[in-house]
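Given the sequences, and given the hints that come with them, work out the whole structure.
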Amino acid sequence: MWLPDDVFRPLGRRAVRVDADASGDPVLATVRDEVAAAVTRFGGTLAGPDDRADLVLTVEPADGPDTHTVARSAGTTTVRATGARALLHGLHDVVRLGERAFADDLAERHVAPVNELRMLDHWDNVDVHPVMGQVERGYAGGSIFYADGRVRDDLSRVAQYARLLGSVGINAVGLNNVNVHRTEARLLTDGLPDVARLAALFRPHGIRVFLSVSFAAPITVGGLPTSDPLDPDVQAWWAQRAADVYAVVPDFGGFVVKADSEGQPGPFAYGRDHADGANLLARALRPFGGTVFWRAFVYDHRQDWRDRSTDRARAAFDHFSPLDGRFDDNVVLQVKYGPMDFQAREPVSPVIAAMPRTRLAVELQVTQEYTGQQRHAVWLGPQWSQILRFPLWGEGGRTVADVAAGLGDRPGADPGTDPGTAPGAGPGAGAPRRAGLVAVSNVGDDAFWTGHPLAQANLYTFARLAWDPEADPLALLDEWVTLTFPSADDEVRAALHAILDDSWRTYEDYTAPLGVGFMVRPGHHYGPDVDGYEYTPWGTYHFADRDGIGVDRTRATGTGFTGQYPAPWRDVYEDLATCPDDLLLFFHHVPWSHVLHSGVSVAQHVYDTHADGAARTEANAARWARVAGRVPDDLHGRVTERLAEQVRSAHEWSDQLRSYVHRHSGIPDARGRTIH
Numbered sequence: 001m002w003l004p005d006d007v008f009r010p011l012g013r014r015a016v017r018v019d020a021d022a023s024g025d026p027v028l029a030t031v032r033d034e035v036a037a038a039v040t041r042f043g044g045t046l047a048g049p050d051d052r053a054d055l056v057l058t059v060e061p062a063d064g065p066d067t068h069t070v071a072r073s074a075g076t077t078t079v080r081a082t083g084a085r086a087l088l089h090g091l092h093d094v095v096r097l098g099e100r101a102f103a104d105d106l107a108e109r110h111v112a113p114v115n116e117l118r119m120l121d122h123w124d125n126v127d128v129h130p131v132m133g134q135v136e137r138g139y140a141g142g143s144i145f146y147a148d149g150r151v152r153d154d155l156s157r158v159a160q161y162a163r164l165l166g167s168v169g170i171n172a173v174g175l176n177n178v179n180v181h182r183t184e185a186r187l188l189t190d191g192l193p194d195v196a197r198l199a200a201l202f203r204p205h206g207i208r209v210f211l212s213v214s215f216a217a218p219i220t221v222g223g224l225p226t227s228d229p230l231d232p233d234v235q236a237w238w239a240q241r242a243a244d245v246y247a248v249v250p251d252f253g254g255f256v257v258k259a260d261s262e263g264q265p266g267p268f269a270y271g272r273d274h275a276d277g278a279n280l281l282a283r284a285l286r287p288f289g290g291t292v293f294w295r296a297f298v299y300d301h302r303q304d305w306r307d308r309s310t311d312r313a314r315a316a317f318d319h320f321s322p323l324d325g326r327f328d329d330n331v332v333l334q335v336k337y338g339p340m341d342f343q344a345r346e347p348v349s350p351v352i353a354a355m356p357r358t359r360l361a362v363e364l365q366v367t368q369e370y371t372g373q374q375r376h377a378v379w380l381g382p383q384w385s386q387i388l389r390f391p392l393w394g395e396g397g398r399t400v401a402d403v404a405a406g407l408g409d410r411p412g413a414d415p416g417t418d419p420g421t422a423p424g425a426g427p428g429a430g431a432p433r434r435a436g437l438v439a440v441s442n443v444g445d446d447a448f449w450t451g452h453p454l455a456q457a458n459l460y461t462f463a464r465l466a467w468d469p470e471a472d473p474l475a476l477l478d479e480w481v482t483l484t485f486p487s488a489d490d491e492v493r494a495a496l497h498a499i500l501d502d503s504w505r506t507y508e509d510y511t512a513p514l515g516v517g518f519m520v521r522p523g524h525h526y527g528p529d530v531d532g533y534e535y536t537p538w539g540t541y542h543f544a545d546r547d548g549i550g551v552d553r554t555r556a557t558g559t560g561f562t563g564q565y566p567a568p569w570r571d572v573y574e575d576l577a578t579c580p581d582d583l584l585l586f587f588h589h590v591p592w593s594h595v596l597h598s599g600v601s602v603a604q605h606v607y608d609t610h611a612d613g614a615a616r617t618e619a620n621a622a623r624w625a626r627v628a629g630r631v632p633d634d635l636h637g638r639v640t641e642r643l644a645e646q647v648r649s650a651h652e653w654s655d656q657l658r659s660y661v662h663r664h665s666g667i668p669d670a671r672g673r674t675i676h
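Quick note on the numbering used here: the sequence shown kicks off at 1 and runs consecutively.
No lab work stands behind these hints, which were simulated from the structure alone.
These figures come from a predicted structure and were not determined experimentally.
Cβ atoms here follow ideal geometry from the backbone N, Cα and C, with glycine treated the same way.
Each hint should be verified, as a subset may be incorrect.
Pair ranges (Cβ atoms, derived) [claimed, not checked]:
hint : residue 1 : residue 2 : range
1    : Ala625    : Arg100    : 28 to 36 Å
2    : Arg100    : Ser593    : 54 to 62 Å
3    : Arg555    : Arg671    : 34 to 42 Å
4    : Arg671    : Ala103    : 50 to 58 Å
Next comes the structure, spelled out in structure tokens:
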């Protein structure tokens, strides 16, 4: 991935001094080992205390978050860090800078992560699930953690993975699927020695491990008759489990919980709410400094498709907004970025703006469940950046990234509309502790880690945006290209950018239009099936008929979902005149002839975007073909194979969607293209 040996050359050919005692600190030992390996490989030296050095790495302990400073003076570059993890991050900052780190005009850099928690969740199963396989929604082979119903004997791949994540500042990893099955539930008991083995591999890279746990574990694992969060025996059971895990993994991070959703057990079974459930686990973890990540993905997946008053998009807000302020401060409410389920386009979840007294982490999906499943080249950096920069209370107010990071006021914020400006809502004024960003990992035991080699860019970009949500995603993509292909010539770099820069928009163009979402084949979610979910219990409808398409979520005539947003968005989305085109069908049911702000009808928009998007996949495949021989043959072959599948699938999407619209609307394509 992004740490080939050659990226260490600028550092490794120089004299480097590590002014930190690595004895007893595994992260400092990692820093020293990385430097020693680099100078050995490229002819530099590991400088002693009195030797001149081109690079000095030093720890100057300080309270507060991990920060480091990179500065250049008198021919020496110095990294000063507040602790061991910060020094590791500083080392890799120098690696990313390359030769620029040793230029005399290097400007001083003060670097600190915006988010306290930068986490990857693995949806890996210990046992192979009969439907979801070894990794649920995994598109890169089997699990790097588990095989044959247990933790792997050979964990060298995990050690490599931990090194990769530590280099980009990830500091937490969930080890197992949030849908906790029978064997996975026992990681908390019988499996603790193996959890300790995994934790030992992540620890040297500044990463704490978490376990997904079943809310019903006191029954299924502990033999109790109940898992009621207010039952004293249940409370004692969880307290003992927490003590057990910290006895073998002292730096254990805590629990991840999916409850009362898609069949997973939860507190609703006992007439309790999700604050009761989350606080039960938080109090068990509190003596040890642990955290509960409680997922807000809670909705009724047994809806009646005939009942248009039920709206899955409303569910998380309806369940959780009344609970704001009731969660313990070591609970993080983990909220998917949108109200549905990681679609190529959906609005920001209103829950993010509705919980000012609750620690809240925003969840993204690096694994490409609804964005091509790592068979399509779809770089999601622009999508994530757009989400993170979204101003929840209007321009100038706090953004999604600000809320996740626990940051307070922005200049110009209106104290009457933005709770970030209200008494008790800003940092230091009773605000929740900082939280951060979480994403579902996309790696597996595939030779290229992510199935599609170019899907590595998503993992890298997520980690770097988790560190700094304001970073320019295109700059991060270029950074990934430079690190991953250090010997790439200009043509290779240009081809990678041509394929990836606008790939999110290309994918959106040839799949579900205007924010309507889904339209995928039920179950595996790959490829088009326009009506696949239309008459199912899952609540993912588009209500297309001869007259029009879209979901009426307005307050005036629909489900009222627009009312869950603060001003100005509640009114922007409510009104057809102001609702953005790219979210039109999420919020409104309109005729096929409805004219968009772009000047074309809904029907013509589908004809144009789907044909043009499919055509761009052909251009991308041709562009990649021209760099054969300029990148490793195995990598070129894998990408070629995936791009060919993307071309095939994009044309299938295009043909099905255009035919569907034509058959329903009767409106011809103004450009006269063939419709089947």
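Verification of the hints:
no.	hint	verdict
1	Ala625 x Arg100: 28 to 36 Å	holds, 33 Å
2	Arg100 x Ser593: 54 to 62 Å	holds, 55 Å
3	Arg555 x Arg671: 34 to 42 Å	holds, 38 Å
4	Arg671 x Ala103: 50 to 58 Å	holds, 53 Å
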